[in-house]
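Using the sequences and the hints, build the whole thing.
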Amino acid sequence: GAVVSQHPSRVICKSGTSVKIECRSLDFQATTMFWYRQFPKQSLMLMATSNEGSKATYEQGVEKDKFLINHASLTLSTLTVTSAHPEDSSFYICSAGVDSGNTIYFGEGSWLTVV
Amino acid sequence: GEDVEQSLFLSVREGDSSVINCTYTDSSSTYLYWYKQEPGAGLQLLTYIFSNMDMKQDQRLTVLLNKKDKHLSLRIADTQTGDSAIYFCGTSGGYQKVTFGTGTKLQVIP
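If you read the sequences in order, they're chains A and B. Going by the working numbering, the first residue of the first sequence is number 1, and it counts up by one from there. Going by the working numbering, the first residue of the second sequence is number 1001, and it counts up by one from there.
Think of the hints as simulated: they come from the structure by calculation, not from any bench. All values derive from a computational prediction rather than experimental measurement. Be a bit skeptical, because a hint or two may be false.
Unchecked claim - Within a straight-line C-alpha distance of at most 25 Å, the following computed BS3-like cross-link-like pairs (lysine-lysine) qualify:
#1 Lys55(A) to Lys1097(B)
#2 Lys1068(B) to Lys1056(B)
#3 Lys1056(B) to Lys41(A)
#4 Lys20(A) to Lys1097(B)
Quick look at the structure:
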């Protein structure tokens, strides 16, 4: 079946540095992917919609200059957390669906720790 | 905006049935999902139901939808210790963007 893969699954970075998280659809093309963030013991909140070949659409309150999203191909979207701070430490997870389908697949998620 | 609510915690004995409830506010929700999240892991799609359905059964899982009351439930028959996890319900208007509930932590007591 369709699979969405994220990398890395865990990353530790220093404050002030940038870190990139990749989201790949392995056996299907996805013109749209979604990035979510989950704070400890809380639900998942949509951060942005990643559109292949165009700018991402960010949810209210999400800093687009801090969370850079690039969707350069039909199978890859990247989220770059720039100038990371400890409060950016969180679980980031992406999703994608087959364009004509209703099933939404999620990646394994990426645990980011900023020290 | 869209609001999806779940109870935070449910404890059941192994072998019993578990029922996890979810209410939502957006009447235009077309697809309703149940996801499972084990500690330290990502989201696993368990099942989903279209808004024009009342019930869907898949092995030990039964989803019931009361569209009038905007109430969704997930019943797990013969609950096992491996079912211990956080269960999220989610709604979507058909554009693949999912609004999630707060998650229900299911604890299965041996």
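Taking the hints in turn, this is what the structure says about them:
1. Lys55(A) to Lys1097(B): Cα-Cα ~17 Å, so holds.
2. Lys1068(B) to Lys1056(B): The hint holds at about 17 Å.
3. Lys1056(B) to Lys41(A): violated, 29 Å
4. Lys20(A) to Lys1097(B): Given pair Lys20(A), Lys1097(B) holds - Cα atoms ~22 Å apart, limit 25 Å.
Figure legend: structure checked against the earlier numbered hints; the only hint not met is number 3.
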